[in-house]
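In the order they appear, the protein sequences are chains G and A. The opening residue of the first sequence carries number 331 in the working numbering; numbering runs sequentially from there. The opening residue of the second sequence carries number 52 in the working numbering; numbering runs sequentially from there.
Accuracy of the hints is not assured; some may be wrong.
[What the hints assert, rightly or not] Once the Cα atoms are required to be at most 30 Å apart in a straight line, the calculated DSS-like pairs of lysine-lysine come out as:
{"no.": "1", "chain 1": "G", "residue 1": "354", "chain 2": "G", "residue 2": "379"}
{"no.": "2", "chain 1": "A", "residue 1": "402", "chain 2": "G", "residue 2": "413"}
{"no.": "3", "chain 1": "G", "residue 1": "476", "chain 2": "G", "residue 2": "354"}
{"no.": "4", "chain 1": "G", "residue 1": "354", "chain 2": "A", "residue 2": "194"}
{"no.": "5", "chain 1": "G", "residue 1": "512", "chain 2": "G", "residue 2": "574"}
{"no.": "6", "chain 1": "G", "residue 1": "512", "chain 2": "G", "residue 2": "388"}
{"no.": "7", "chain 1": "G", "residue 1": "512", "chain 2": "G", "residue 2": "628"}
{"no.": "8", "chain 1": "A", "residue 1": "90", "chain 2": "G", "residue 2": "379"}
{"no.": "9", "chain 1": "G", "residue 1": "503", "chain 2": "G", "residue 2": "354"}
{"no.": "10", "chain 1": "G", "residue 1": "476", "chain 2": "G", "residue 2": "530"}
{"no.": "11", "chain 1": "G", "residue 1": "388", "chain 2": "A", "residue 2": "90"}
{"no.": "12", "chain 1": "G", "residue 1": "503", "chain 2": "G", "residue 2": "530"}
Just so you know, these hints were derived from the structure itself, not from any lab.
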Amino acid sequence: MKFKSILAGVALAITAATGSLAEKTKVGFVYVGPVTDFGWTYEHDQGRKAVEAAFGDKVETFYVESVPEGPDSERVMTDMALKGADLIFTTSFGYMDPTINVAAKFPNVKFEHATGYKQADNVSVYSARFYEGRAVQGHIAGHMTKSNIVGYIGSFPIPEVIRGINSAYIHAKDVNPDVQFKIIWAYTWFDPTKEADAAKVLIEQGADVVLQHTDSTAPQAAAQAAGNVITFGQASDMAEYGPKPRVSSIIDNWGPYYVARTQAVMDGTWASTSTWDGIGAGMVGIGEITSAVPTDVKASAEALLSRLRDGSYHAFTGPVNKQDGSAWLARGETADDGTLAGMGFYVEGIDSEMPN
Amino acid sequence: MLRLEKRPSPSQTWAYLAPVLAVIATMIGGGVMFALLGKDPFEAIRIIFYDPLFSEFAWYYRPQLLIKGAPLVLIAIGLSMGFRAGIWNIGAEGQYIIGALFGAGFALALYPTESPFIFPSMILLGALGGFLWAMIPALLKTKFGTNEILVSLMLVYVAEQLLASMSLGLMKNPEGFGFPGSRNLQQYDSAHNAEIWVGSGVHMGVVFALMAVIFAYVLLARHQLGFHIRLTGESPKAARFAGINPNRLIIFCLGSSGALAGLAGMFEIAGPSGQVNIAFNSGYGFTAIIVAFLGRLNPLGIMLAGLLMALTYIGGEIAQSSLGLPAAAIQAFQGMLLFFLLAVDLLTNFKIKWAKAEVTL
Numbered sequence: 331m332k333f334k335s336i337l338a339g340v341a342l343a344i345t346a347a348t349g350s351l352a353e354k355t356k357v358g359f360v361y362v363g364p365v366t367d368f369g370w371t372y373e374h375d376q377g378r379k380a381v382e383a384a385f386g387d388k389v390e391t392f393y394v395e396s397v398p399e400g401p402d403s404e405r406v407m408t409d410m411a412l413k414g415a416d417l418i419f420t421t422s423f424g425y426m427d428p429t430i431n432v433a434a435k436f437p438n439v440k441f442e443h444a445t446g447y448k449q450a451d452n453v454s455v456y457s458a459r460f461y462e463g464r465a466v467q468g469h470i471a472g473h474m475t476k477s478n479i480v481g482y483i484g485s486f487p488i489p490e491v492i493r494g495i496n497s498a499y500i501h502a503k504d505v506n507p508d509v510q511f512k513i514i515w516a517y518t519w520f521d522p523t524k525e526a527d528a529a530k531v532l533i534e535q536g537a538d539v540v541l542q543h544t545d546s547t548a549p550q551a552a553a554q555a556a557g558n559v560i561t562f563g564q565a566s567d568m569a570e571y572g573p574k575p576r577v578s579s580i581i582d583n584w585g586p587y588y589v590a591r592t593q594a595v596m597d598g599t600w601a602s603t604s605t606w607d608g609i610g611a612g613m614v615g616i617g618e619i620t621s622a623v624p625t626d627v628k629a630s631a632e633a634l635l636s637r638l639r640d641g642s643y644h645a646f647t648g649p650v651n652k653q654d655g656s657a658w659l660a661r662g663e664t665a666d667d668g669t670l671a672g673m674g675f676y677v678e679g680i681d682s683e684m685p686n
Numbered sequence: 052m053l054r055l056e057k058r059p060s061p062s063q064t065w066a067y068l069a070p071v072l073a074v075i076a077t078m079i080g081g082g083v084m085f086a087l088l089g090k091d092p093f094e095a096i097r098i099i100f101y102d103p104l105f106s107e108f109a110w111y112y113r114p115q116l117l118i119k120g121a122p123l124v125l126i127a128i129g130l131s132m133g134f135r136a137g138i139w140n141i142g143a144e145g146q147y148i149i150g151a152l153f154g155a156g157f158a159l160a161l162y163p164t165e166s167p168f169i170f171p172s173m174i175l176l177g178a179l180g181g182f183l184w185a186m187i188p189a190l191l192k193t194k195f196g197t198n199e200i201l202v203s204l205m206l207v208y209v210a211e212q213l214l215a216s217m218s219l220g221l222m223k224n225p226e227g228f229g230f231p232g233s234r235n236l237q238q239y240d241s242a243h244n245a246e247i248w249v250g251s252g253v254h255m256g257v258v259f260a261l262m263a264v265i266f267a268y269v270l271l272a273r274h275q276l277g278f279h280i281r282l283t284g285e286s287p288k289a290a291r292f293a294g295i296n297p298n299r300l301i302i303f304c305l306g307s308s309g310a311l312a313g314l315a316g317m318f319e320i321a322g323p324s325g326q327v328n329i330a331f332n333s334g335y336g337f338t339a340i341i342v343a344f345l346g347r348l349n350p351l352g353i354m355l356a357g358l359l360m361a362l363t364y365i366g367g368e369i370a371q372s373s374l375g376l377p378a379a380a381i382q383a384f385q386g387m388l389l390f391f392l393l394a395v396d397l398l399t400n401f402k403i404k405w406a407k408a409e410v411t412l
């Protein structure tokens, strides 16, 4: 392939040139939303800032935001690689194939793709065990709901989101056998209007707890307007909506990982890896549980949190059946990562159909 | 005092001058905005308009202009014919999706059979898909007098749901570990809409876009149907007296714009995109409306407008990564283009006159 060899040659020349001119390591970030979403993309950008803070003059970072998943992302990545990026983080599932394509053309540039499953010699994948945080949310939700209806705003029915729903449900049901989940699919990661509508519908249907797997604060605002509804911050702390409706949150903490990977590129020790870290490693943080939560519930939630943190408890521990009643995990058995990674089924008790 | 006076007939000079003036006004307005954001306006404008064409890496960006511009031109050509006749297809985005699903669905059903007939069949099916989707508003309009603007727009959302359903269900990659999205057609040789010359950016969709420009030009300038289209738009009454069947025109305009949008979707999904997935459509069908108007509903104008629009996209991305401009600023910049065009358009139909203030008591 002539084109590929030209690209590779240029990349090589640039790497060599920048290497001799200055020792700056260039790190690019491709974002699916705006950096001001105060959710998913905001936290990735915090990670980028952590890289800048950690390395100062030795690093140069740049980003492009709101990049559609598809050929546009491929062009943005190529542009970054042409400009001499040493390391590129592509921070949305839909960038998977484009990342692999561009990586093949630039063998000397390292790529890190978030939440996907395709690796290559110069492509690592990384994600966080958000479902551990969902366990804590489910626990609080089960205790706090008076109507016994918990609303859940899903983004897309992909394994990551389904895992979250299952984990929240299992732990809500643990403390409240009457709890029901109502699930609405918004088919977006970030669309304040759609998210607010979904929250309103759930609240009208009687939900007094709203969990969200979308990135904007619109559901928080809708819950605040409705009054007696509690919510959890998603991806970002969303503390401005505390102490109520937001009673706690899941915080994505990418900074340490981004710093470590940048360091590896600087040291020449970077290798293609697959990382899936949770609360224990600090990739998933739990935001402060506010005063709106009774002290005994807060104490039990924190106990659960510390067991998840030290690894003495797995969020998917049997007995758990699948929705159709078939057995999945026997008593005491914990889920293996392979099943979790590709999870495409609800657990028993969730009264909702998976869309397809 | 300034006064507007309607011209007896639209000014030819202004009709051609307006897009140029709009682009200049956008550069000035955008420059002010970039300056307010604390960026060097001259550098920003240079990066957006000049760098994709002539910078160090232009050899990569130039082919990208064709890849980004082709679907815009293909869709806008179709839309422009209807727009000329006063038939408003706002739902090209939906026809684009359905065309893509028809083409990709056929290929995925045959996977992994290799045959030289697969790609040509996909082209036909892509056009058919878009055509059929556009027939819904067309038939509803001709039979029941519904408003094609609303129906075609609403069908975009239906098409998006269908796309989501296909990505999660029927067309999902069986080897995709439960993740949404189909197999990648780029890895399926018989279905891949590959570049004709590697690195040139010229794929079948670019060729079709060029052909569409030529056909539309001939149709409008030389063919009776083109005359009917123009006449209906300019004077519906005269058209009726001339015995033009409005229903046939509605079917033709919506059908052909649907087919072209469907083709654009098919070429995109079999080529640059490669995959049926939830986020496949990225707004080409809507942006093409701007392109159609920016190009004066004229086939050659549309070709230039499509390339210009592609330029602002690609230049905008470069400006984001190299200057740290927010994405919203680039979108506002593109919005200014249409805004200023509509503003300058006033001069095509109206004269500005100095009038003495009349004494009113």
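Hint check results:
For a cut-off of 30 Å, the pair hint linking residue 354/G to residue 379/G stands: about 16 Å separates their Cα positions. At most 30 Å may separate the alpha-carbon atoms for a hinted pair to count; residue 402/A and residue 413/G exceed this at roughly 49 Å. For the hint pairing residue 476/G with residue 354/G, the CA-to-CA distance comes to about 56 Å; that exceeds 30 Å, so the pair is violated. A distance of roughly 67 Å separates the Cα atoms of residue 354/G and residue 194/A; the hinted pair therefore is violated under the 30 Å criterion.
For the given pair, residue 512/G sits about 21 Å from residue 574/G by alpha-carbon distance, which is consistent with the 30 Å threshold. Restraint check for residue 512/G and residue 388/G: not satisfied, since their Cα atoms lie roughly 49 Å apart, outside the 30 Å limit. For the proposed pair residue 512/G and residue 628/G, the alpha carbon gap of about 24 Å is at most 30 Å, so the pair holds. Our distance criterion of 30 Å between C-alpha atoms is met by residue 90/A and residue 379/G, whose separation comes to about 20 Å.
Only pairs whose Cα atoms come within 30 Å are accepted, and residue 503/G paired with residue 354/G is rejected, the gap being roughly 52 Å. For the given pair, residue 476/G sits about 18 Å from residue 530/G by alpha-carbon distance, which is consistent with the 30 Å threshold. The hinted pair formed by residue 388/G and residue 90/A meets the criterion: a straight-line CA distance of about 24 Å does not exceed 30 Å. Restraint check: the Cα-Cα separation between residue 503/G and residue 530/G comes to about 24 Å, which is no more than 30 Å; the hinted pair holds.
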